[in-house]
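*Asks:* Using the sequences provided together with the hints, build the complete structure.
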Amino acid sequence: MPDPMKIRANVAGDWTEVKVLMSHEMETGQRKDAAGKAIPAWFIQNVTVTHNGKTVLNAQWGPAVAKNPFLAFKFKGGAKGDKVVVTWQDNRGEKRTDETTIG
Amino acid sequence: MDTMRRDVLRAGGGVALASLLAATGVLRSGAASAQAWNKAAFEAHGLDATLKALGIGKPPTSKDVTFVSTPDIAENGAVVPIGVASAIPKTESIAILIENNPSMIAGIFEIPAGTEPAVSTRVKMGETSNVYALVKADGKYYLAMKEIKVTLGGCGG
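The listed protein sequences derive, respectively, from chains A and B. Everything in the first sequence is counted per our numbering, starting at 7 for the first residue and increasing by one. Everything in the second sequence is counted per our numbering, starting at 255 for the first residue and increasing by one.
Think of the hints as simulated: they come from the structure by calculation, not from any bench. Please note that a few of the clues may not be correct.
As the list claims (entries may be wrong) - One-sided and incomplete, this derived list gives chain A residues near chain B with beta-carbon spacing under 10 Å:
(1) G35
(2) K60
(3) P75
(4) G87
Said to hold, decoys possible - Calculated lysine-lysine pairs in the BS3-like style (CA-CA distance at most 27 Å, straight line):
(5) B/K394 <-> A/K82
(6) A/K25 <-> A/K82
(7) A/K101 <-> B/K394
(8) B/K344 <-> A/K25
(9) A/K60 <-> B/K403
(10) B/K394 <-> B/K317
What the hints assert, rightly or not - Beyond 12 Å from chain A on every Cβ pair, some chain B residues (computed):
(11) L301
(12) A303
(13) P313
(14) S316
(15) E364
(16) R376
(17) Y396
Built from N, CA and C at the ideal position, the CB exists for glycine as well.
*Replies:* Rendered as structure tokens:
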């Protein structure tokens, strides 16, 4: 099971700012190990963020996103105590979902 | 030798894609509506091929698409902060493209109504490159470009 994400969601005026830090190797598939064998690509491909069940961001990623990916954005209509849920899925089909409440 | 490795990689990719498709099917039935991964576009090399894989022509440059909190010079190519903001009404998606990376698209972010058309993330860059922000707004595409100089590449072993 992958490590949990760190998610922060804070409301300021109309906007709720979401910041996510995921724990993932994001291996490009370009690198070789000590024996000269290619290290297979292993990276997050899909990210979905929902607020009270409604999608507020959907992303497709390639292997160029940096290791332990960071994501920040803002959406309208959030209120303190609402739930923000982040789900990612990598190219091995592994998934991780974490949530936070808006502060 | 090299072609054999390619074949192995391709075969592995196929399996991963199949399991991904199966898994997104499961996801769709839930609250999250994750989209499938645009394999052809993510594996394209160069701007023209990437745009073609996305099914679009060469978009016009727009001053309303800007890079925010993005360095001119990145000391460490393994972690390059990139932020893109669009001031174009009805922005639907923002993509970050790195011309000199092995596959050009770093990420595509879909912006539903109610979400600010601005995203920040961190990417890897193998070397100094032109970085493009591709914005889709009201069905049309717009482009902005910025060169980021990389002191130490982030894709080597």
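*Asks:* Confirm or reject each hint.
*Replies:* Hint check results:
no.	hint	in the structure
1	G35	7 Å, holds
2	K60	8 Å, holds
3	P75	7 Å, holds
4	G87	18 Å, violated
5	B/K394 <-> A/K82	24 Å, holds
6	A/K25 <-> A/K82	15 Å, holds
7	A/K101 <-> B/K394	33 Å, violated
8	B/K344 <-> A/K25	23 Å, holds
9	A/K60 <-> B/K403	39 Å, violated
10	B/K394 <-> B/K317	15 Å, holds
11	L301	15 Å, holds
12	A303	14 Å, holds
13	P313	19 Å, holds
14	S316	20 Å, holds
15	E364	4 Å, violated
16	R376	4 Å, violated
17	Y396	19 Å, holds
Going through the hint list in order, the structure does not satisfy hints 4, 7, 9, 15, 16.
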